[in-house]
Every structure is written in C-alpha cells, then in structure tokens.
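K.L.:
Chain residues, written in single-letter form:
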Amino acid sequence: MSETVIKIEGISKQYRLGNVGTGSLAHDVNRLWYKIRGKEDPYLKIGEENDRSKKGSSDYVWALRDITFDVQHGEVLGIIGRNGAGKSTLLKILSRTTTPTLGQLKIKGRVASLLEVGTGFHPELTGRENVYLNGAILGMTRKEIASKFDEIVDFAGIERYIDTPVKRYSSGMYVRLAFGVAAHLEPDILIVDEVLAVGDADFQNKALGKMKDVSSKEGRTVLFVSHNMSAVRNLCTRAIFLGNGTVKGEGMPEEVINKYLLENASYDLEQYFNDPQKAPGNDHVRFKSMCVIPELSNADEAMSVKTPIRIEFEFYNLKGATPINLSLHLCTLSDEIVFNAISPVKILENGLHKGVLHIPADFLNDGGYYINVLIVYNASKVIYNFDKAVTFTVEDKRDFQNWHKKWVGIVRPQFPFSLEKVE
Amino acid sequence: MENTAGNKNEDWDLVISPKAKLLDINLKEVWRYRDLLRMFVKRDYKAQYKQTVLGPLWYLIQPIFTSLIFILIFGKIAKIPTDGIPPMLFYLSGICIWNYFDACLTSTSSTFVQNANIFGKVYFPRLVLPLSTVFSNMIKFSIQFLLLISVTAWVAFQTGSFYIGINWLLIPLLVLMMAGLGLGLGIIVSSLTTKYRDFHLLLSFGVQLLLYTTPVAYPLSFLKDKPYAAWIAWNPLAPIVETFRYAFFNVGSFDLNGLLYSAGCIIVILFIGIVLFNKVEKNFMDTV
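Residue numbers (my numbering), protein chains in the order written: chain C, 1 to 423; chain F, 1001 to 1288.
This is chain F alone, in the form it adopts within the complex:
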C-alpha cells in the first residue's frame, strides 16, 4: 500500500507512517532549529537563578565544599597521594570536569519525562532539548573552570609556580568528549525510561558508583601494579579526567591510547543513543 502511493509523481514534504527507518536521523532539521536551542539554553540559565540572591555563585559553593571534604577524607584520612599537585587543586580539577559529565548525564536522562507536556503539544526535533542542556551545563562548567583557574592562580601566587602552555589546547577537546559521553548515556537512559522507569532509579546510584571508579579523588598512578587497575582502565571516563589534569597542570604523562579508547567508546555510545532516541521520540507520548 505504501509503495503504490509513493510511486505517484507527487512530492510530499512529509510522510508519516508507523514504521520508522532505523537510521532515519534528521540532523539537518536539528540545525534548522538552532534558534530554539539557543532559546532553551537562555531559558535554563535565566530560570534557574531567578529570585536567588547569590545567583550563579551557587555554582562555586558545591565544588569548594566537595574539595574540602575530599581533602579531609582521601588526603588526610586515607592518605592517598595527589601526583605532586596541591591537594585542593587536584580535587577541584577532578570535580570540575566530573561535574560537567554528571550534569550532562543527569539532566539529559530525564528529557522525555520532564518535557512530556511540551513534546505532547508541538513537534520539533526532540534532540534539540538534550543538546540544549549540554550547552547550558557548559555555562556552569565555565564558571567552575574559572574558579579552578582563580584558585590555581592564588596557589601560584603563594608558591611561585604556575603553568600555562600548549597543553591547555587539549581542554576544549576533553570537555567536548565529556559532553558527548554524558549526552550519549543520558539519551540512552531517557529512551529506556519512557515506559519503564526502573532505569531512572538506577541512575543516581550508578553515577555515584561511577564517580568512585573514575580517578577524581585519586590519581591513576596510585593504582599502578594493583590487580584492579585493569578494571578502572575499562572506564572511558578515566583517561579524560587524567588527561584533563595533565593538560591543566602539565603533571604526569599523556596517554594517547587511553584517550583514543575513550573517543571510540563515546562514538559508539552516542550512535546507540541517537538511534534509540530517534526510535523512541516518535511514539513516546503514548507510554510516558
């Protein structure tokens, strides 16, 4: 039936049928809606801190206090070394990049459930929404990154050594990788949770477990020769966090293979995520 109708020499702009092709991903359409993406970013930013006194300063409080707790627990109590980096900077840098991943994953993972009322009323490429959260989280990351630079500068002022170099060029790439990984995992979870919410309950504690298997509170070098080091190496987040510290402080070594492994993982996860998301977005309103 579909074929006979399609063979007529009529040029329809849009054909809606029950069966969607697996790879029918319309990225061009997402691009056409880039103004919407910008408006969502603006909305997220403005809405979050309206009627607060400190505004975006709240972005600074969480990493500072987390770093202080990490100094106490991992530095003082567990006595884990920090690769020669001052402990405050070591933890702060790890938390800074980790937070970005965490925020991307957590906020994109509820895309469908949170925006059901908009999605139910009007069509636009659904991918615009998770993409916009990735961008609005980048604002938060930038502020925390500025905090990291300020604290580093302050420490440098005390000790007299400060590193700025070519390695810093790696940082945007690493942030992009974190964005890709957070987005990919997030939209997988959001696609899987439209009908059965079980995965969403798993997520918050999954993220917590992931934090401990990622070298945020300890350096990878600390694990050398330990039998479980290989397990940590499977985590695609590990090379990104390690390289972030390498790029920022120029301490440690650059592990190209690890980074390539992460990049490979990200591409696979993003691909699976987009395919799943694309499949679910057409009908999710019926089951959400």
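Bound-form chain C, shown alone:
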C-alpha cells in the first residue's frame, strides 16, 4: 500500500493587487485593529475569483481557493492549467517560499524545489564554485556535493569550462550545469516548474529521462508543473488541472489533459459575420461565415473519430478578377499542424465565394483541433490568414477494443492492415 507523503487540506491564498502605499497601509491598520479585538481578517471575505481578464471590484483576489488533494509516495503528479491558474502559487507554498492564507499542508520527507534552475548562481564565480553554492542553497551538504561532483559535471558535459566564471558560459551551458546540480539532489519529494523549457532538444530529453529515473528507479515523488502536454503525458502517473485557483480535474494524465484542452478551446462550430465592419478580412477579402459541420447520422451523437466532417466557409472578393486559391491548416491544440490542404487556383470575380473541405471518418484522432484558413493570391502570396478560425473537438469512439488508454498518434486512419497465417 502506498503512503501519503503530501497532504494538502483546504489551502487558499489571497493576494492584494495594486500598489503598496497609503491605501494598503490603511488596510493593514484596519486588519491589525480587527486582530487586536480577536476578530477575523475582514479582507478575507471580499476576495474574488482570480480571473485576470475581468476587472474586479476589489483589490483582493484568491490565487488559490480551497485546494485539497493528496500525493502518494512514488507518484509523478503533473499540474497543468492556464497562466494565472494558481500553479506557481501552489508550488511556492509547497516549497515554503510563502505560506497559505488559509488551510494547511503536511509533508513527509525532504523537499527540494526547482522553481528555476541555477538559483543563486553568481556570474563571477566559476562553474565549480557555483556547483557548491547552488547545491548548498538547495540543501545539500558539502560532502554530498563533493561525492557527486564528477557526476554533475559529466551530466552537464562542460568539463572544459568548469573553472571558468559562469558569466562566460553560453546560456545552454549555464542551464546544463544548473540542471545537473538539481538532478543530483536526493530529496524524497522533488518539485519541478517548467525547467524543461530551456536547453536544446538533446538536453531536454536527457533532463526528462533523468526525471523519469528519479521517480521510477529511485522511488521518489515528483510534482511537475508544465505547459508541455507531451512531457506531462509521458512522465506523469497522475495529473491535476487547476483553473482560476481551484482544482478543475484530477486523474489519469490523458483525461485531465484533454479536459484542460477542451476547456480552453472555444466551441462555436458555426460562425456568421453579419457586420462586414467586424468580419475577419481586409480590403481584398472578407469572411462571411466559418462552419464545421459534422455529418452525423444521429443528431444526438457527438462528433467523434467515426464522423465525417465538412468544413465550409464563405468570403467576399472585393478587388475584382483575381487568381485565388485556398489553403487550410488543420492543427492540434498543442500547435502541431496535422495537414495543409490546398484548393486549385481559380479566377474569382467580385462577390461571395464558398470553400468546402471534406475530412473523411476514421481519419482524425480524438482531441481538440483548430483551423487556419489562408486565402492565397495565385498559389504564391497570402492575401489573408484567418488564424484559429474555428476550434472543435473530436470525441473518442471505439468498437470492440480492449485497449482503453489514449490512442497514440496525431491521426487515426484505418488503413488496410491484415494478419494471416503464412505457414
């Protein structure tokens, strides 16, 4: 049976926005006055949900609101969410750089947090000195660092530069060395935030591999915050989706990631731009409609991998006879282009024109997609690029399958595939 190593009980964190000045002083005095009389902090009641795009009525927001979950020993927990969802605040509380406003948190074992690599690196010190300094900041003793020193330098692959001040390093070398120190920490619980966003591909794989080793071979617990969905998918055994300071989803990484991607997508499958002033376009072309039409046999059904899809859009040509063709990019929500489809070039007169593209059933995999429509002059120059014209989701649907986990791959075509006895 696994053991709970982190127990988070109803954690909330309130922040005050705006400047520190006489206004905040008045609130501080008021808060102190309530405290002296033994009353609760009056500003805890007025906080609002943290939605950075809306203007609120008070200066107080809840970056986290009543977060509760447990982490088991040996788990790799991925934490995902939009910018400002509260991920970093949660990590800050877990790594003790700030405390929660309400609730409490219990931890078993030694925690090391990597909210950034190379914390405390001093540009004037050499690589060797910085390894010792950074290691000490992360909680290692001199002896521990000395015993791992060669391994760290080897991992970073910068042996030749080890006695040069780090200000002379390339940014890649700097990160390699910093991550090398971090990777050789031996905490019971490792907290990692987006450190993989830097370094070359080779090094990213090395770093990801190291993180995987830490959890699977050495049995340590890892909390991993990232925007890199494929890293979360590959590394994590469980995931949590934070949105506006609350837990919006929890479970298998694949399910949680999908939920996250869906929530962030807009679902208007049919858009009509009735006001030509506001319609997407320019002096040359202007859109009138943009539709994704699932060709469903049954109206109650969701659009799934078994549904043929028709993409239709109408636009006006405003500049008279022009050789025009269309280009349509279908992309996954993680910004990979699935395909680029091109129409033939045609001379278009002024007036309304219509483009139609058919995507057959059994082609797309399940997940979220968006479409960019490009109107191109004579197959050479882009006249207008309607970026993210429409977003849609394809649900999963399987007949007689024993495999229930995520179907891998960007597309899921049903090519003829036979299996026969030969002899």
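In short, the hints are calculated from the structure, not lab data.
Note that the structure is predicted; figures quoted are calculated from it, not measured.
Hints are not guaranteed to be accurate.
[Unchecked claim] Quick list of in silico lysine-lysine cross-link-like pairs, DSBU-like style, CA-CA up to 30 Å:
| no. | chain 1 | residue 1 | chain 2 | residue 2 |
| --- | --- | --- | --- | --- |
| 1 | F | 1028 | C | 148 |
| 2 | C | 319 | C | 346 |
| 3 | F | 1282 | C | 7 |
| 4 | C | 143 | F | 1140 |
Dock chain F against the given chain C, drawing on the hints supplied.
P.N.:
Just chain F now, kept in the frame of chain C:
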C-alpha cells in the same frame, strides 16, 4: 480543523499553516545549513573584488583617508584631545571597529529586498543570509585590524612604546558584540522594510547620526562634566568603542557596567530582531 488532523498518529516532518508561533525559531535548522553559510561568505568575498586590480587593498584606503580627515577636522580645527593616544591611532582604531558595525548593519538591513529573487525560488533558513554577511564583513574587519596593528607598530618603532597584553583578549568579545548589535538592528530594519520601504531611507542618515553620538572621533573622557554626557551614555555602542581602545592601547579605564549595559541591549535587540525576522520571512515574498 488543525487539531483533528494533528491528532492522527501520523508523523509529518513538516506542517505549513498560516499562523506561525511567535517563538518558533529553528536554530537547529540554521546549523544544518552551515555549509551554505560558508558558501555565501566565500561568494561575497570573491565576487566583491573580482576584476579589480587592488583587490582587498581597497579595504585599507577608506579608513586611512577617513582618519586623515578626522585628524584635520577634530584634531587640528576642533582641537579635541585623544586621551594621550597618537591621533592617527586614535581615529583609526575608532573607525576600524565602527566600520564593522556599520557594515553589518547596512548589509543585513537589505537582506529581504536584495535577495528576493533567491528567497522566492527556494527555501532555506533565511537567517543564514544575514549571518553570512556578518561573517564576510569580519574578513574586511580583520584586514582593517591588521592595518591598525601595522600603523601602531610603525608608530611604536618611532616612539619606542608598544602595548601587547592580556587586555587584547577582550577584542574578540567586543567584535562579537558589534556583530550582534549590527545584526540585530539590521534584521529589524530588513523586517520592517519588506512592505514599506520608508525605514530604509531613514537608515543611511541614522547611521551617520549614530556615528557622531558614538565616541569614534572623540574620547568619552572629553565629555566629562558636560550636561549631554548622560545622553551619549545611553548609546550602547559607546562602551564598546571605548573598551576597544582600552583593550588595544591599555589607556583609560575599564567600565564594566557600561559593557554589561551594552550586552543587555544587544541581547534584547537580537531577540526582537530574530522574532520579527522569523515572522516576516514566511510571507515576505508576497509584499516585497
């Protein structure tokens, strides 16, 4: 809610909750991070003089020139006596111990603001940082103290009298007291300035005022029978500077009561400082 959770027979290594106990000071943890303290001292020392030609020699230039100015202003113009100590030595000794206090106070007072980027990213006992500055300033003090000894030796070579004796044993204690006072006041200021920076603006000119109310440029004996002597006596720095000269030159008298008064002040200030610092360190990232 906190109690019901705590009563379960689970042994958590760490419980983080919003309310910190007033005296929840974990000095054992600071000790566990002593390697970090050493690395910070090394960093401060190395970083400060990299890419300078004279290196630590810069530590000598400031006290020498300050002493020369003091000779001119307090010795020649104001004609304040120096207790029979050669003026250069008198001023240099005062500046030497004063500088240590000044450096400890000024550098620890910006602990939170200066290190916000490190503090925001990783946890370690915050007290390690101000402690490390106290130690790295000790290197500077040692160099200036060596200067004082060299100049004293040179003067002795000219005049033929030089004192080394049992009194010198007092010096480490006095330095420690200065460290305690500088650290205590420094962390009080740094704790008070995380949200409202006003105090920090006050500090540089406060230190200047403090210099003039401390017998650095004049001996305490000069104030005898003057009505404001009692005011100067309130300054806990005064007995330390006076005793430092007594210990080093064996001139003047040893004032045990004054020294005990200073020690009492230091303990109180350090205690207040550590409690405040401890309270602020948990949440300062939100307001710094």
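K.L.:
Each hint should be assessed against the structure and marked as holding or not.
P.N.:
Results for each hint:
1. F:1028 x C:148: Holds - the C-alpha atoms of residue 148 of chain C and residue 1028 of chain F are around 25 Å apart, at most 30 Å.
2. C:319 x C:346: Between residue 319 of chain C and residue 346 of chain C the Cα gap is close to 14 Å, so the pair holds against 30 Å.
3. F:1282 x C:7: Since the Cα atoms of residue 1282 of chain F and residue 7 of chain C sit roughly 20 Å apart, the hinted pair holds (cutoff 30 Å).
4. C:143 x F:1140: holds, 28 Å
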